[in-house]
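**Q** Sequence:
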Amino acid sequence: TQQRSDALIYCDGDGACKDSRMQAKTIQCQGKRSCKNAIIQPNAGDELELLECQGWFGCATTNVIMAKEIRAYGFNGLAGAIIETRGIPEFTLKAYGFRALAGTTIDCKGSTCNIDCKGNACKN
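Anchor point for the sequence shown: position 75 equals 59 in the numbering used here, and the numbering is continuous, going up by one each time.
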């Protein structure tokens, strides 16, 4: 499924946007596995301002491209994800969920990356 918005895409519910390709300024993944295995990126010529991963495995195994800020608050919220900044000037990641970044790969080449972890959020 392809989803595009000039503003917000909101995914709430078990698997609501699972396996989707999403492009927007803000994407909120609130439900269990709501954005699992998705490709998340900005619209052409725009910026992905914020990705929120709050559900249980909310953004697990996603591919996130050029997000300015990601908030991983859910249990295993970004587990197994691939995050690519692709040279955007600054990237911020707030990982507060239980093992939120387990097995996650972050490629910050050409960007200033700020990563804030609480508890075991960044533990592999």
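Calculated directly from the structure, the hints in this document are not laboratory data. We treat Cβ as the ideally placed atom computed from N, Cα and C, and that holds for glycine. One or more hints might be untrue.
Distance condition first, Cα-Cα at most 20 angstroms in a straight line; then the derived EDC-like pairs of lysine to aspartate or glutamate [stated by the list, open to error]:
1) K78 - E53
2) K16 - D(-10)
3) K52 - D(-10)
4) K9 - D30
5) K102 - E53
6) K9 - E53
7) K16 - E31
8) K107 - E74
9) K93 - D3
10) K52 - D30
11) K16 - D30
Taking CB as the label site, the calculated pair distances span [to be verified]:
12) N108 - G29: 29 to 37 angstroms
13) K93 - T10: 33 to 41 angstroms
14) A28 - P73: 16 to 24 angstroms
15) G29 - N104: 32 to 40 angstroms
16) T10 - D100: 31 to 39 angstroms
17) D(-10) - K107: 34 to 42 angstroms
**Q** Indicate, hint by hint, whether the structure satisfies it.
**A** Status of each hint after checking the structure:
1. K78 - E53: holds, 8 angstroms
2. K16 - D(-10): violated, 25 angstroms
3. K52 - D(-10): Given that 20 angstroms is the threshold and the Cα spacing comes to 16 angstroms, the pair holds.
4. K9 - D30: holds, 8 angstroms
5. K102 - E53: holds, 16 angstroms
6. K9 - E53: holds, 11 angstroms
7. K16 - E31: Distance of about 26 angstroms is beyond 20 angstroms: violated.
8. K107 - E74: This hinted pair is violated, its Cα atoms lying about 23 angstroms apart.
9. K93 - D3: violated, 26 angstroms
10. K52 - D30: Satisfied, since the Cα-Cα distance of roughly 11 angstroms is no more than 20 angstroms.
11. K16 - D30: Roughly 28 angstroms between the alpha carbons, so the hint for K16 and D30 is violated.
12. N108 - G29: 29 to 37 angstroms: holds, 36 angstroms
13. K93 - T10: 33 to 41 angstroms: Violated: the Cβ-Cβ distance is about 24 angstroms, outside 33 to 41 angstroms.
14. A28 - P73: 16 to 24 angstroms: holds, 18 angstroms
15. G29 - N104: 32 to 40 angstroms: holds, 38 angstroms
16. T10 - D100: 31 to 39 angstroms: Violated, at about 19 angstroms.
17. D(-10) - K107: 34 to 42 angstroms: Between D(-10) and K107, where Cβ atoms are some 37 angstroms apart, the hint holds.
The structure fails to meet hints 2, 7, 8, 9, 11, 13 and 16 from the earlier list, while all remaining hints are met.
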